Every structure is written in structure tokens, then in C-alpha cells.
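Protein chains: 4
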Amino acid sequence: MAESSEQKPDEPLIDITRLCAEQDKFARERDWEQFHSPKNLVMALTGEVGELSEIFQWMTEADSKNAGSDPATSQAVKDELADVLLYLVRLSSTLGVDLNEAVAQKLLKNARKYPAEKVKGKSKKYSDY
Amino acid sequence: MAESSEQKPDEPLIDITRLCAEQDKFARERDWEQFHSPKNLVMALTGEVGELSEIFQWMTEADSKNAGSDPATSQAVKDELADVLLYLVRLSSTLGVDLNEAVAQKLLKNARKYPAEKVKGKSKKYSDY
Amino acid sequence: MAESSEQKPDEPLIDITRLCAEQDKFARERDWEQFHSPKNLVMALTGEVGELSEIFQWMTEADSKNAGSDPATSQAVKDELADVLLYLVRLSSTLGVDLNEAVAQKLLKNARKYPAEKVKGKSKKYSDY
Amino acid sequence: MAESSEQKPDEPLIDITRLCAEQDKFARERDWEQFHSPKNLVMALTGEVGELSEIFQWMTEADSKNAGSDPATSQAVKDELADVLLYLVRLSSTLGVDLNEAVAQKLLKNARKYPAEKVKGKSKKYSDY
Chain A
15 MAESSEQKPD EPLIDITRLC AEQDKFARER DWEQFHSPKN LVMALTGEVG
65 ELSEIFQWMT EADSKNAGSD PATSQAVKDE LADVLLYLVR LSSTLGVDLN
115 EAVAQKLLKN ARKYPAEKVK GKSKKYSDY
Chain B
15 MAESSEQKPD EPLIDITRLC AEQDKFARER DWEQFHSPKN LVMALTGEVG
65 ELSEIFQWMT EADSKNAGSD PATSQAVKDE LADVLLYLVR LSSTLGVDLN
115 EAVAQKLLKN ARKYPAEKVK GKSKKYSDY
Chain C
15 MAESSEQKPD EPLIDITRLC AEQDKFARER DWEQFHSPKN LVMALTGEVG
65 ELSEIFQWMT EADSKNAGSD PATSQAVKDE LADVLLYLVR LSSTLGVDLN
115 EAVAQKLLKN ARKYPAEKVK GKSKKYSDY
Chain D
15 MAESSEQKPD EPLIDITRLC AEQDKFARER DWEQFHSPKN LVMALTGEVG
65 ELSEIFQWMT EADSKNAGSD PATSQAVKDE LADVLLYLVR LSSTLGVDLN
115 EAVAQKLLKN ARKYPAEKVK GKSKKYSDY
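From first to last, the protein sequence lines stand for chains A, B, C and D.
Numbers in the working numbering are just positions in the first sequence, counted from 1, shifted up by 14.
Numbers in the working numbering are just positions in the second sequence, counted from 1, shifted up by 14.
Numbers in the working numbering are just positions in the third sequence, counted from 1, shifted up by 14.
Numbers in the working numbering are just positions in the fourth sequence, counted from 1, shifted up by 14.
Note that these hints are calculated values from the structure, not bench results.
Since copy identity is lost for identical chains, a pair holds within one copy or between any two.
Each computed DMTMM-like pair below joins lysine to aspartate or glutamate, with the alpha-carbon atoms no more than 25 Å apart:
#, residue 1, residue 2
1, K120, E131
2, K132, D93
3, K39, D112
4, K136, E75
5, K134, E47
6, K79, D38
7, K136, D77
8, K120, E25
9, K138, D77
10, K132, D77
11, K138, E75
12, K138, E43
13, K123, E25
Nothing here was measured: the structure is a model prediction, and the numbers come from that model.
Chain A extracted, bound-state conformation (with noise of 0.2 Å):
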């Protein structure tokens, strides 16, 4: 696969082809696409982003950074992930986006949005927004 060594422009950062047409079909089967609204969808995300902040909500960050040690909190950990991506790849295929492009395009803006040089070791202030 893609060696970050040799990147060629036209290797893409992600490749999600599988997963959306495994979803398509998912949706398709149960009739599920008249619920699948960008807006509705909009609201899974926020749903399964949530079940990922009370995972993490009273951890400290030394903690969180070993929240895979505990097997059961690493499985839910790992689900909730998952549930977060799975909406996320379901809401860019209903609106026709390509995620790959939107990702590939997002980095060269931030690179050029925070200059190495210049944000080094620097989180962002609020007052930088």
C-alpha cells in the first residue's frame, strides 16, 4: 500500500470504497434511505460522539492515553469509533462527497493555515479563531 516515502499525487490518503457500498447495501436491505437525511444523520454523528465523550469524561489525559488497557473500556472505545466513522462515511455518500478529495484539500489548507515555524509547540488560543 502507500508508502508516505514515495507519495504520489494520485494515491489517495484514504480509500473507503468498500465500506461505502458495504453501507449502501446495509441501508438498502433494511429500507433505511428514507431515514438517512444528511440532517438525520447530522444527529447519529453527534449521538455516537457523545457516547465517545463519556467514555472519556472523567479520565484524566494520562488516563485516556491508556484507555486500552482495560479490556472493556478498550472495546467501547473501539466501537464508538467505529459508530462515529460509520455515520461520518454514510453522511458524505448521501451528500455526494468525496472524502478523500475534502480531506486531501483540508490538509494544504492547514498547512498552510499554521506554519510550522510559526505555531510550533503552540496550542490554539481561543482568541485565534
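Since the structure of chain A is already known, use the hints to place chains B, C and D on it.
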């Protein structure tokens, strides 16, 4: 890359190898790894989903399906979807979670939890959670 | 209590004195003050808003207006609204923010930002943010 | 107004009468009632919690306790807390939910769910949800 028409079981549902590598490099060059605890990244993900929600909050469901027709809205949507993906991938990376494996497991769980013949045409009601 | 028709400038828009006191006592009795940093409480608030979102995600707007007609949904909605309020009040308390003053300031800002004659019948478009 | 020192059982935990009236008037004058379905307001609430999250995302817990010390951050926090409250109160109003009653019920539930002697000094673990 994966062909959905001949899904071999060992073909990935998603491939994010290159994006992961790009993000690791981006964070390292800016000395931002110190800020990227899973706890912090969950909050950053929340912020991006909030921005996505703001775009769709006053739209009807029908409007949301046409969010791509207005160029400014379309670009905003792409940017926010990319931001959600970026933080999701970075979060998974810091947690050492293989997103492809996590999503494959979740699809199997969902297939068992929602048998097509049983849930056809029905959205989940809150009382079923 | 306050009559909006004779709004004296010193009458509060909200009074949360008793709730604040109850929550301080609740946290103190459980030795939970150690977990209630503003950062953690923002994440807890996120979790509750996520649960609220899950209730409404597959509803049409019309359905959402009748969310009170099904007893189970109605009770779930009340519980989640209460949870959001509880964390919001607790968060404000730990930050030393006077919510009544904050909301009074914000109403003035909003009145200036959205003059009735200018925004009448128009929802904010994303490009206006 | 309520005196926390002599809590009569029929005294409200919160009183939002005036804020509710102000908001109803604000929406009516702008003909914004048409946009304020519960579904839409949940999304607007999500957006505001996302903005709150963005303020705190890179702060340590210790920093978050001192969020009031920087004037710009402090003002931003107040504005976002107010926005969350505004949408929460508006949402409850459109749903016909009495927030004071809802929160009183929830406090009783929480007291039963988390007996002080049992949960003292322990944060909820994910596996307990």
C-alpha cells in the same frame, strides 16, 4: 485497491494508511503531539461535529439533501466533514485502534442486531435502546 | 414571580440559587468535586446533548413537535433536558460564572446582532456566520 | 426569591419565567418560530456545546479551572454558556417541558442511583453505564 465486486475477506473496508502517516508528520513537525491526548482529541472532534451541526440546524430534511447545490454551503460541508475525519483518524492513531478492524467488527454486530427482515422500514425508536 | 409586562431591570431572567446549592451539596457528599473540572464537565455536557440528539435523530421536524405525545419518549426527553441543565449549572458554578448576568448580556448582544426588521422570517445562513 | 437556607418543598429549584417570556417575544418579533422545531433546536444546542468544547479542548484540567483569568477566554466562556442556556430553555419551552419539575425529578433519581456511601470518591466507570 479494493474492488467491491469481488470482496475478498481480507481486503480492507477502509485504508487510511497514508492519511495516518501525513497526520503523524504534521503533528510532529509542529510539536503538537503533547496536545493530542485522546481526551483532548475527543473534545476537538466534538467541536467539529458542532460546526457541522450548525450548517444543517435550520435546514429542512429536504434542504439538507440539496446542501451541495449552494457553492458556499457545499464547501463548508466538505471542510467540516474533512475536519471530523482528521480528528477521528488522529484519535484512533493515538489510541492504537485499527479503524478497519473496528469497523469490520461493528458491521458484523450491526448485522446481527438489526436483521433485515425484522427492522425493515422501521427507524429505531428511543424505547428500543 | 416576575411579570414580563413590568420588567424591573433588577429582576433576574433566571434564578438558579437553589439548584446550585443542591448540586454543590450532592457533589460534596460524594467527594465528586475532584472530578468536576470545567474541562470534564464540558465533556459530560456533550454526552448528555448526544443522548438528547439520539432521541430526535430519526424524527421528522413535525414528529419532534409531538415528542411529548408518547409517554416513554416524553419521559426520556425530560430526563435528558434535566441532565443538560444539571451539567450546565454545575459547569457555570465551578467557573464562577453568573448565568443570569451572562444570559442578560447575551440577549442584548443578540438584539443588536439580529434587528427584527432585518432578519424577519429569515434563518441564519451558514455564510453569515 | 428562594432562600437555600430554608428550602420549602414547593420552592422552585430554578425559575426561568422571565427568560422564557423574553425568548418567546424575541422569536415572535423575528418570525423565527417557524425554524424552532425541537429537532432544529437540538441541533442548535449541539452547535453551541461544540463551541464551548473548542474553548477547552487543548486546556489541561488545571488550566480549565483558571479559564476565568484571561479576559478574552472568560468572555468567550460566558457567551457560550449563555448560548447553551438560551437554546436549552427555548427547546424546553417548545416541548412544553417544565424544566423545574424535570430537574427536581432527576435529582431524586440521581440520589437513588448514586447513594453517597456507595459511590464516594469514585467516578463512574464506563462499564457501569
